Amino acid sequence: MNTAVIKQWGWRNTLGVYLREAGFQFWGLVRMPGYALPTLLFPTMFYVFFGLIFNHGNGGSAATYMLATFGTFGIMAPSLFGFGVGVAMEREHGILALKRVSPMPPMAYFFAKTAMAMLFALIVVLLLFVLGALFGGVRLPHMEWFTLLLTLIIGTIPFCALGLAVGLHAGGQSSPAIVNLIYLPMSILSGLWVPLQLFPHWLQDFALTLPAYHLAQIGLSVIHMGDGSHFTVHLIYLLVFTAICLRFAQLGWRHIQDR
Amino acid sequence: MPQHNGSPASIAALMEVGKRYGKLTAVDKLSLDVRQGEILALLGPNGAGKTTSVNLLLGLAQPTTGKVELFGHSPREVAVRRRIGVMLQNAQLGGHARLHEVVGLYSGYYPNPLPPAEVLRTAGLEGLENRPVVKLSGGQKQRLMFALAICGNPELLFLDEPTVGLDVESRRGFWASIRRLREQGRTIVLTTHYLEEADALADRIVVINRGHIVATGTSAEIKSSVAQRHIRCVTRLNAAQIQVLPGVTSVIPDGERLDIIVAQPESLLRELLSLDHTLHDLEVSGAKLEEAFLALTDKHVE
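If you read the protein sequences in the order shown, they are chains B and Y. Take the first sequence: its position 86, counting from 1, is numbered 136 in my numbering, and each next residue is one higher. Take the second sequence: its position 55, counting from 1, is numbered 57 in my numbering, and each next residue is one higher.
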């Protein structure tokens with residue numbers, strides 16, 4: 051056996067594993083039209099319809115408002131599908147088992163998935179920004195562009211946690227349906243497509259339970275279009291929501307380990 | 003590498019391991035040693051507990067009772083996982099990544115991986131480096147799984163049903179690769195339900211049935227443990243007359259000859275020759291592994 055030169059494992063090697071894992075995921079997703087196209091196309095298409103075409107000529111206020119709501123819609127897909135469907139599929143296909151018996155640090159796998167969700171979120175949000183600025187008359191101070199972008203990118207975390215909880219429990223075949231059942235109704239009921247004010251009161255109250263609503267509210271308050279509710283309330287809600295999802299994910303992971 | 007006391011060091015072990023899934027007992031008080039440098043085959047029918055045993059050895063399953071050790075440690079330790087390579091039976095590779103990218107990714111998990119060219123050569127994947135994994139044939143995917151198992155330069159290799167679904171030629175190629183890996187000093191644990199595979203490759207065979215070990219030994223030892231011999235001969239005696247003689251398990255006509263399976267061939271031969279002086283075309287042979295296997299696994303059918 052080739053044991054003449056035994057190399058020691060250092061932090062550089064670990065860093066390399068993290069980066070290669072992320073790179074591998076990236077090329078896998080980019081080459082999969084079933085992922086990349088809907089993830090990037092649907093939010094931009096809906097933004098063009100609802101934000102730019104239907105609401106043309108109100109000085110860009112609708113286009114600005116919807117930058118935050120469709121931005122939230124846009125960052126949900128890569129998080130929910132990347133984790134929810136990705137993990138469920140890889141679990142069902144034994145890929146996760148293969149990685150678990152390898153010396154790969156498990157966090158490298160989750161890091162790669164999170165990095166991909168954030169990267170695709172970044173691309174979607176930048177696409178929306180460009181469309182809004184060029185065709186929707188959206189004008190914001192540099193700082194607000196930047197904080198909105200940052201809010202939406204960091205805002206992927208609760209949805210990554212939700213996706214992970216789904217992915218570690220659901221079967222590979224049923225996971226796309228489950229994720230779609232979360233993604234689309236939550237988007238509509240959180241007021242991402244149509245402002246909540248147009249909803250009956252009980253539906254407006256129901257929105258308070260949804261993470262997408264709270265992220266959108268933070269996004270709106272960043273660009274001074276919020277409903278006056280307090281930023282910290284939304285933040286606390288999202289932190290608690292993330293913690294609950296991670297707890298469910300942890301239970302799923304333990305169940306897999308203890309099989 | 004045998005040690006001075008004659009028995010090579012044990013590098014992996016299940017110690018009185020039991021595994022229950024709800025009411026189902028997959029393996030029960032199973033003890034087994036993997037010795038350095040050997041090819042050990044876990045042989046048994048489907049559902050016997052082979053894959054469960056391998057999953058327990060790998061730390062993919064947590065034992066309900068008993069203890070598992072790889073290189074003296076828990077199989078879940080990273081230091082242990084750097085020394086092993088695994089081919090899982092149920093893993094399905096897919097995706098749009100190219101073959102060399104997958105091999106590169108997995109090689110990167112290990113401190114001293116084999117050079118990619120050597121991995122691809124050993125696995126018989128040369129020339130397919132740039133092919134997307136989704137476009138590989140079933141056999142090629144199987145070879146890629148094998149490549150991922152060996153890419154980390156493992157001391158101990160687990161192959162769970164490595165040749166299932168392969169044609170005869172590919173299977174022989176696989177066997178040759180596995181033998182070469184053993185010649186390099188690697189230890190190999192192989193599960194199979196192909197007797198021929200265990201017979202052709204294994205230094206030791208552990209026969210598992212219904213979660214229990216029913217026999218352990220070399221292929222020859224297992225064959226002789228069921229103590230059956232074939233006597234083939236042309237005789238005027240008919241099958242019914244022979245069937246009633248002591249120790250006869252079965253009598254099957256085989257063309258002109260009769261094929262008699264018996265525990266004590268010597269005494270039966272004396273008897274046969276005294277009963278029939280014309281007896282000719284006599285041939286005595288050991289049982290095949292398949293018969294031993296069937297005898298061993300049948301015993302435990304309640």
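Since the hints were made in silico from the structure, they are not lab data. A few of these clues could be false.
The list that follows gives simulated cross-link-like pairs (lysine-lysine, PhoX-like), each with its CA atoms no further than 25 Å apart [what the hints assert, rightly or not]: (1) Y:K31 - B:K149; (2) B:K149 - Y:K137; (3) Y:K25 - Y:K69.
Simulated restraints on C-beta separations [said to hold, decoys possible]: (4) Y:L168 - B:R309: 26 to 34 Å; (5) Y:G24 - B:L258: 18 to 26 Å; (6) B:F76 - Y:R78: 23 to 31 Å; (7) Y:V170 - B:H305: 37 to 45 Å; (8) Y:S33 - B:D308: 46 to 54 Å; (9) Y:R133 - B:D277: 49 to 57 Å; (10) Y:R184 - B:P235: 56 to 64 Å; (11) B:F92 - Y:G24: 52 to 60 Å; (12) B:L231 - Y:D169: 28 to 36 Å; (13) B:L231 - Y:L26: 57 to 65 Å; (14) B:R309 - Y:V236: 33 to 41 Å; (15) B:V244 - Y:E128: 37 to 45 Å.
Predicted model, so just to flag it, every value in this text is computed and none were measured. Yeah, the Cβ is synthetic: ideal placement off N, Cα and C, and Gly gets one too.
Evaluation of the provided hints:
no.: 1; hint: Y:K31 - B:K149; result: violated, 28 Å
no.: 2; hint: B:K149 - Y:K137; result: holds, 22 Å
no.: 3; hint: Y:K25 - Y:K69; result: holds, 21 Å
no.: 4; hint: Y:L168 - B:R309: 26 to 34 Å; result: holds, 28 Å
no.: 5; hint: Y:G24 - B:L258: 18 to 26 Å; result: violated, 41 Å
no.: 6; hint: B:F76 - Y:R78: 23 to 31 Å; result: holds, 29 Å
no.: 7; hint: Y:V170 - B:H305: 37 to 45 Å; result: holds, 41 Å
no.: 8; hint: Y:S33 - B:D308: 46 to 54 Å; result: violated, 22 Å
no.: 9; hint: Y:R133 - B:D277: 49 to 57 Å; result: holds, 54 Å
no.: 10; hint: Y:R184 - B:P235: 56 to 64 Å; result: holds, 57 Å
no.: 11; hint: B:F92 - Y:G24: 52 to 60 Å; result: violated, 43 Å
no.: 12; hint: B:L231 - Y:D169: 28 to 36 Å; result: violated, 44 Å
no.: 13; hint: B:L231 - Y:L26: 57 to 65 Å; result: violated, 33 Å
no.: 14; hint: B:R309 - Y:V236: 33 to 41 Å; result: violated, 58 Å
no.: 15; hint: B:V244 - Y:E128: 37 to 45 Å; result: violated, 58 Å
Checked against the numbered hints above, the structure violates hints 1, 5, 8, 11, 12, 13, 14, 15; every other hint is satisfied.
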